[in-house]
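Undergrad: Take a look at the letters that make up each chain.
There are 2 protein chains.
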Amino acid sequence: MRRSTQAIDASLASLFVALVLLIAAAWSPVLAQEPLPSWKDTPAKTRIMSFVKATITEGGEGYVAPANRIAVFDNDGTLWSEQPYYVQLGFVLDRVKALAPQHPEWKTRDPFNSILGGDLKSIAKGGEKGMVDIVMATHADMTTDEFNRLVTGWFAASTHPKTGKLYTDMTYLPMRELLDYLRANDFRTYIVSGGGVEFMRPVTEQLYGIPPEQVVGSTIATQFDLVGDVPVLKRLPKIDFIDDGPGKPVGINKFIGQRPIFVAGNSDGDYEMMRWTTSGKGPGFAMLVHHTDADREYAYDRESAFGKLDKALEEAERRNWLVVDMKNDWRKIFTFEQ
Amino acid sequence: MRRSTQAIDASLASLFVALVLLIAAAWSPVLAQEPLPSWKDTPAKTRIMSFVKATITEGGEGYVAPANRIAVFDNDGTLWSEQPYYVQLGFVLDRVKALAPQHPEWKTRDPFNSILGGDLKSIAKGGEKGMVDIVMATHADMTTDEFNRLVTGWFAASTHPKTGKLYTDMTYLPMRELLDYLRANDFRTYIVSGGGVEFMRPVTEQLYGIPPEQVVGSTIATQFDLVGDVPVLKRLPKIDFIDDGPGKPVGINKFIGQRPIFVAGNSDGDYEMMRWTTSGKGPGFAMLVHHTDADREYAYDRESAFGKLDKALEEAERRNWLVVDMKNDWRKIFTFEQ
Chain A
5 MRRSTQAIDA SLASLFVALV LLIAAAWSPV LAQEPLPSWK DTPAKTRIMS
55 FVKATITEGG EGYVAPANRI AVFDNDGTLW SEQPYYVQLG FVLDRVKALA
105 PQHPEWKTRD PFNSILGGDL KSIAKGGEKG MVDIVMATHA DMTTDEFNRL
155 VTGWFAASTH PKTGKLYTDM TYLPMRELLD YLRANDFRTY IVSGGGVEFM
205 RPVTEQLYGI PPEQVVGSTI ATQFDLVGDV PVLKRLPKID FIDDGPGKPV
255 GINKFIGQRP IFVAGNSDGD YEMMRWTTSG KGPGFAMLVH HTDADREYAY
305 DRESAFGKLD KALEEAERRN WLVVDMKNDW RKIFTFEQ
Chain D
5 MRRSTQAIDA SLASLFVALV LLIAAAWSPV LAQEPLPSWK DTPAKTRIMS
55 FVKATITEGG EGYVAPANRI AVFDNDGTLW SEQPYYVQLG FVLDRVKALA
105 PQHPEWKTRD PFNSILGGDL KSIAKGGEKG MVDIVMATHA DMTTDEFNRL
155 VTGWFAASTH PKTGKLYTDM TYLPMRELLD YLRANDFRTY IVSGGGVEFM
205 RPVTEQLYGI PPEQVVGSTI ATQFDLVGDV PVLKRLPKID FIDDGPGKPV
255 GINKFIGQRP IFVAGNSDGD YEMMRWTTSG KGPGFAMLVH HTDADREYAY
305 DRESAFGKLD KALEEAERRN WLVVDMKNDW RKIFTFEQ
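Protein chains in written order, with my numbering: chain A, 5 to 342; chain D, 5 to 342.
Same shape as in the complex, but just chain A (with noise of 0.2 Å):
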């Protein structure tokens, strides 16, 4: 059987644009469905993609080069719940009950009182430094490999106290879809946190997608060191780096050394490293998630002992800062909702 030359052209031309199609969705995944499913129509869902859109789009006013598109994430309250208290809090409260009976001092020493007789709101005082500076109190005196297993085997069992749910089920789905949607449009992804940087990684990579490579936060200082012929890197009782408020920018500085042009936040902890990344000579975005649904998950702002919003609230609007209204802005807020 022969076939026309015009039908096989037109089979030749089909092919070519067949193969050009799979090339192209193999390099631009987001194409392959509607970004952002767990986000509602509203406007805030509309800026995030104009913003995106615009970076991407060579020639025009909004374009940034890949190598300068750099997003960076808090993460207490912001891609994970921080209601009752913050998740690494509770692997402080646990730890702490766990090793109580080998340090019997600890009953009238605070703040180790206040946590063995479940006083948190003594502890949240001390707001997030306060926070860490128990942290450190507590986890140090061991290598980074023993505390990495430590942390690992916790989150594997761990329990939020208010859902039940495990503490890795307690992550907003908008917000990793926002994580995969900036991926896919060639974005580099960071946590940047006033949470220890040790406690993070092991989880990170199954919960965000985020290597431990892109995750900044705090940390306590560490000693190379040699047992027996072994060599080992152990955690000192010492704090070396508070990345938290005016220290998200010195973090992101030391660690990511360029400026973000993509910042997503919760608190007045964030504030600083928000106006970092909306002050550079391009664009830059910012938006804070702002906690109004105590149905599907928890309603606070600037009365809130952890994640407190206030100032970044307050300057939101003239600064042009977007705030993302948690109860109207997304469809669904985790996973396990029906």
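Source of the hints: derived by calculation from the structure; they are not laboratory data.
A few of these clues could be false.
The list treats identical chains as interchangeable, and a pair is accepted whether it falls inside one copy or across any two copies.
[Unchecked claim] Taking lysine-lysine pairs in the DSS-like style, the calculated list, with each CA pair at most 30 Å apart, reads:
#, residue 1, residue 2
1, 336, 315
2, 238, 285
3, 44, 57
4, 169, 336
5, 242, 285
The model shown is predicted, which means the values in this text are computed figures rather than measured ones.
With chain A's structure known, arrange chain D on it following the hints.
TA: Frame of chain A, contents of chain D only:
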């Protein structure tokens, strides 16, 4: 004109093959040419390639998942020349000379008087740590943006005292090929250097294809501040972290958060990170660049003021670390060579 179905089927087939090859080439740049062309066909090259091939062979004993393929490189003496003095010391000398008229007191103050008098040996005695101290003293009290501009401008115009070439031409071609080869095999390549991180970052992408966030180095303290309403980071005259010797595994753990599987160094300042890299649970490869070529570069080891190599060389054989002999293992050292 009509073509036969057979001829057209053949052209369809070759179009398809061509496209598949095109896609394969785009996805595996290493297939395009023989890797490491500036390396002679000596056992050094074979050992490196055997290790890399093992790490990418799924199911094999030496296999390492891409997420864990972290490679770290010292910079001075490993990626570029550190003789007759560290590149960063060249920058320091020029800065001190430029600022000297405003600082008459430097004429009688160490180490400024040594620098102004051209007495490099006195400076060298302080080693890498001593040099970091001088750098801190002369490079603070400005914003990070200002420092970046200063460094960028200096690199654009400054030349090596012996070759007269730009410092940015003083990189080792075989090592740049090694970086490319590792990246083509899904390694993530990092610099881990005693040098100042903000001195290296403005040029590492251009020199080595290494972006700012993959440069670990010594840091000075910075502070977030507002100038009017404009956020800046001020560089304070205070050392934050020295990324040398036992500081290198500490820096790796802090910035990268996982143990590398490949390390390249050239001096005793790299000893601890070589120990760290080669004592993980899985495969680990360490190599030393041994400066043996007085004609094309420099020949030095145990007695050198910069890049002293003694202990690491002594232990290399029993620890199974590869010692690369620049003279006999490298076909070409610099791009500008005839």
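Undergrad: Work down the list of hints and note, for each, if the structure agrees.
TA: Now for the hints, and whether the structure bears them out:
For the homomeric pair residue 336 and residue 315, the shortest alpha-carbon distance inside one copy (28 Å) is at most 30 Å, but the shortest distance between copies (59 Å) is not. In this assembly of identical chains, the alpha carbons of residue 238 and residue 285 lie at most 30 Å apart only when taken from different copies (18 Å versus 41 Å within one copy). Within a single copy, residue 44 and residue 57 get their C-alpha atoms as close as 18 Å, which meets the 30 Å cut-off; across copies the closest is 48 Å, which misses it. For a Cα distance limit of 30 Å, the shortest separation of residue 169 from residue 336 inside one copy, 16 Å, qualifies, whereas the shortest one across copies, 60 Å, does not.
Taking CA atoms no more than 30 Å apart as the test, residue 242 paired with residue 285 passes between copies only; the shortest distance there is 28 Å, against 37 Å inside one copy.
Consistency with the previously given hints is maintained throughout, with no hint failing.
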